[in-house]
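Using the sequences and the accompanying hints, generate a full structural model.
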Amino acid sequence: MEPTYRNGRFNFCWRLSYLFSDPERYDVVIIRLAGEKVVLLKRVVALGRETIAFRHGKLIVNGQELDEPYISYSYDWNLEPRQIEKEAVYVVGDNRQVPMEAHYFGQTSVKRIVGTPLW
Amino acid sequence: MVRPKWIIIGALIIGLGVFGAYHFLQSDKRKIKKQFQRLSEWVSKEPRDDRLKWMLKVQKIRRLFADNCTVTDESRSMSRTYSPEEIHAHALSVLSQFSKLTLDFYDLNITLLQEGKAEVLLTAMVKGKCRTGADLQDVYEVGCALQKVEKEWLLKDIEVIEVLKR
Chain S
1 MEPTYRNGRF NFCWRLSYLF SDPERYDVVI IRLAGEKVVL LKRVVALGRE TIAFRHGKLI
61 VNGQELDEPY ISYSYDWNLE PRQIEKEAVY VVGDNRQVPM EAHYFGQTSV KRIVGTPLW
Chain F
120 MVRPKWIIIG ALIIGLGVFG AYHFLQSDKR KIKKQFQRLS EWVSKEPRDD RLKWMLKVQK
180 IRRLFADNCT VTDESRSMSR TYSPEEIHAH ALSVLSQFSK LTLDFYDLNI TLLQEGKAEV
240 LLTAMVKGKC RTGADLQDVY EVGCALQKVE KEWLLKDIEV IEVLKR
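First to last, the sequence lines map onto chains S and F. By my numbering, the letter at position 34 of the first sequence is numbered 34, and the numbering carries on one by one without gaps. By my numbering, the letter at position 19 of the second sequence is numbered 138, and the numbering carries on one by one without gaps.
I should point out that these hints are in silico values taken from the structure, not numbers from a laboratory. It is possible that part of the hints are untrue.
[Claimed, not checked] Simulated crosslink set (EDC-like; lysine to aspartate or glutamate; CA at most 20 Å straight-line):
#1 S:K111 / F:E281
#2 F:K284 / S:E87
#3 S:K111 / S:D27
#4 F:K284 / S:E50
#5 S:K37 / F:D226
#6 F:K284 / S:D94
#7 S:K37 / F:E165
#8 S:K37 / F:E269
#9 S:K111 / F:D226
#10 F:K152 / S:E36
#11 F:K284 / S:E80
#12 S:K86 / F:E160
#13 F:K248 / F:E160
#14 F:K284 / S:E101
#15 F:K284 / S:D27
[What the hints assert, rightly or not] Chain S stretches covered by chain F per the calculated footprint, using a threshold of three residues with CB under 8 Å from any CB of chain F:
#16 2–13
#17 45–51
#18 99–106
Even glycine gets a Cβ: it sits at the ideal position worked out from N, Cα and C.
Below is the structure:
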């Protein structure tokens, strides 16, 4: 999630973020990767039942290009359109300078989201 | 009118039964944990390990697997059934590429089902160094199905759970 969140930094997980609401687009979320202690920090870019794609580094949701103000450089990712399942979100890290193949991103169940970073 | 003596005896019998059932279930869970400890021990290797001793150690992992064990990894579009001998051969081939490797299991969530079957959800952490010099560190959530064969819990199905599906 560089540069938004730097490696080696310390943070807390606010577990009550989605007690009464669902994750929204552009939310930075903490996703349970394995067990109770291993988590990922990613940003939600698309919601359930939406179609997502990347075209020359531009985020395309339901056929429309969306702004990503947290990305301040150009990159050249291309991903064919795919539909997100109901009860899932599509998450991507902010560090788009790495090749797409080396970046860990994709659709995940909303149930795996344990909260949001406190700061 | 039931005598207090019989109430006490009945309560003791029920208590012993509950304790016995709990102990039995815990005993099976302990055995399952032990199997994963063995897998971790037999797969791990250090650069200073004697090659022959290490190969003999890896050979033991056959004992941990049922006759046909299906390994599924959806992120790699892979699903294949292996015999214990194939698992051993495959493990030997993969592990030979590492000079150092540790495989540790955490957060084992064991569910005992009926008729000698169990399901385990766990975290697997792999750390190592390839012979090329590259470092490896990966964490996976893994779901396993085990079956009890002659008092031993053997791995029947292993699924690497895909958390982010591209």
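Results of checking the hints against the structure:
no.: 1; hint: S:K111 / F:E281; verdict: 14 Å, holds
no.: 2; hint: F:K284 / S:E87; verdict: 14 Å, holds
no.: 3; hint: S:K111 / S:D27; verdict: 15 Å, holds
no.: 4; hint: F:K284 / S:E50; verdict: 15 Å, holds
no.: 5; hint: S:K37 / F:D226; verdict: 9 Å, holds
no.: 6; hint: F:K284 / S:D94; verdict: 17 Å, holds
no.: 7; hint: S:K37 / F:E165; verdict: 26 Å, violated
no.: 8; hint: S:K37 / F:E269; verdict: 35 Å, violated
no.: 9; hint: S:K111 / F:D226; verdict: 18 Å, holds
no.: 10; hint: F:K152 / S:E36; verdict: 18 Å, holds
no.: 11; hint: F:K284 / S:E80; verdict: 14 Å, holds
no.: 12; hint: S:K86 / F:E160; verdict: 41 Å, violated
no.: 13; hint: F:K248 / F:E160; verdict: 17 Å, holds
no.: 14; hint: F:K284 / S:E101; verdict: 13 Å, holds
no.: 15; hint: F:K284 / S:D27; verdict: 19 Å, holds
no.: 16; hint: 2–13; verdict: violated (count 0)
no.: 17; hint: 45–51; verdict: violated (count 0)
no.: 18; hint: 99–106; verdict: holds (count 3)
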